[in-house]
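Could you slot chain W onto chain R? The hints should help.
Next come the chains, spelled out residue by residue.
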Amino acid sequence: MTAVAPRAGVRPARPRPSWGAWSLVAAAVVMTIVTGSAIHFTLAPLFNSATRGWVIVRQFFEPDWGFLLTTIKPMGVTLATAVLASMVGCGLALAISLLASRVTTHNAVVYRIAKAILSILRSLPDVVWGMLFVAFVGVGSLAGTLALVMFNIGIIVKLTAETIDAVDRGPLEAADASGANALQRARVAVIPQILPNYASYAMYVFELNVRASVVLGIVGAGGIGQTIQVELARFHYDNLSAVIVLLFVIVFLIDQASQWLRRRLG
Amino acid sequence: MIRFTDVSVRYPNGTVGLEGLDLEIPDGQFVVVVGLSGAGKSTLIRTINGLVPTTSGSLEVEGQRVDGARKRELRDLRARVGMIFQSFNLVTRSTVLNNVLVGRLHATPTWRSLFGWYRKDDVELAFQALERVGIVEKAYTRASELSGGQQQRVAIARVLAQEPSVILADEPVASLDPPTANLVMRDLQRINRELGITTIVNLHFLDLARTYADRIVGMRAGRLVFDGTAEEADDAVFAEIYGRSLTAEDVLPGAGEAATAEAATAETGPGEGAA
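Which chain is which? The protein sequence lines are R and W, in order.
Residue 72 in the numbering used here is what sits at position 72 of the first sequence, and the numbering runs on without skipping anything.
Residue 1069 in the numbering used here is what sits at position 69 of the second sequence, and the numbering runs on without skipping anything.
Extracted from the complex, chain R is given alone in its bound form:
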């Protein structure tokens, strides 16, 4: 093996260090201090008042497991809400995703309207949707389901539309060249390409829904969240802790199952 002699040439000068990154870090530190002092942030109560809640904490460590029998029904409502909202939300989201990507929607007006609806949907958090629907349709699981559907559309359409933007255009050109219309092209050339990603987003949203439907129950959308709110109001911390342990187990199991499924999809 013969060594190649290095050829002499002008080496480039080392570029000057970038001050941009450092000033960004400095700005982040300053903002943290300013915002912290604006709300008089302090961890003192964590140490000074820790003993105040001792009675409550003791109750928490003695969960009343018998109470769980009465939570079967509301728990079922919560899970049903999550499943139903996932199904409806993901179905609607797939159709809207096709409208919210330039790849599948050439009409600029339709595309802009879809994007505008999407940003409105995403501007409200799930709890606010819940409160709005409780106001509209009254307390109960319908409000919770509708709130989750809105929440799901916001997430899935954003992710799916971005996936559609990145599909291989070759099959789309082939469908065009064979005389297919826009809908047929989307069905045969786009959807098969995005299906694994879309299914993964749907599973992810289902995980979110199980947790979110608990929170929604607290604002009046039915299910186990409502039970939590009632027990909290009645100071039955032993009942509450039993519910929380149950929730932890269920959410953990669903997350594991969903993650396993998503890995298989990828």
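The hints are simulated quantities; they were obtained by calculation from the structure and are not laboratory data.
Backbone N, C-alpha and C fix where the C-beta goes; we use that ideal spot for every residue, glycine too.
Keep in mind that the hints are not guaranteed to be accurate.
[Claimed, not checked] With a straight-line cut-off of 35 Å between C-alpha atoms, the simulated DSBU-like cross-links for lysine-lysine are:
| no. | chain 1 | residue 1 | chain 2 | residue 2 |
| --- | --- | --- | --- | --- |
| 1 | R | K158 | W | K1071 |
| 2 | W | K1071 | R | K115 |
| 3 | R | K158 | R | K115 |
| 4 | W | K1071 | W | K1120 |
| 5 | W | K1120 | W | K1138 |
[Stated by the list, open to error] Facing chain R, from chain W, some residues (calculated, C-beta under 7 Å):
| no. | residue |
| --- | --- |
| 6 | N1049 |
| 7 | R1072 |
| 8 | R1075 |
| 9 | M1083 |
| 10 | Q1086 |
| 11 | S1087 |
| 12 | N1089 |
| 13 | V1091 |
| 14 | R1093 |
| 15 | V1102 |
| 16 | G1103 |
| 17 | H1106 |
| 18 | S1113 |
[As the list claims (entries may be wrong)] If you want the ones that stay clear, here's a sample from chain W, every Cβ over 10 Å from chain R, calculated:
| no. | residue |
| --- | --- |
| 19 | D1006 |
| 20 | T1015 |
| 21 | E1019 |
| 22 | T1055 |
| 23 | D1076 |
| 24 | N1098 |
| 25 | V1123 |
| 26 | I1191 |
| 27 | N1192 |
| 28 | D1235 |
| 29 | E1240 |
Relative to the frame of chain R, chain W by itself:
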């Protein structure tokens, strides 16, 4: 019959695709278009089915004016003009059969295609197309599991399923190894002869052009610089089309061995023949 009359194509960025092209292609001819990259070969092919709109001039394909055609008219025209691509353009996650059925979309109501409920006759046509390119046993295989040569044959089956009167092929063998390239060209030639389908193929390789073409059209900078039979297209003509004399690189290596390699390649397994 395809008739270009003084057709020019200018892209929005100012690039000239075609410049005052006059060209007439009678039914059933096997035409090979040669030229450097950027000479306008792809533009020429893509104007025929309206994938690239013309800027001026008039273009008539199978009795249909392509310039100024409405969306619906263009779709009807594209149903009769099949196209084959350099990168095959299959939906790799779908089965071979579903890819071939893309060729039947123009004859399938939209609601049926949304559910994937193709008519029995259309599925039958797809199977016949697969039989014609000799790959029917792969009908329920995912397209991604096929080699490059097999994928291009599926793409040819997709075009055949359209029952077209014209086939356009844009660099159909540029992604394939030499023996496979010859196989695919032979498939195209056989289809042209047996079914009388007008075939227009863009090619990089000169010897393939000479071997398979009834007629060779040379393009340079968007203009027609040669139009004649394969016999007339000697090295001097190619030198003029390419603007320089020929080198070994312009000839597809191993073309002579294609016949012996054919038997071996015909049974190529997944991945092996891929470029």
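Earlier hints that do not hold, by number: Hint check: 7, 10, 23 and 24 fail, others pass.
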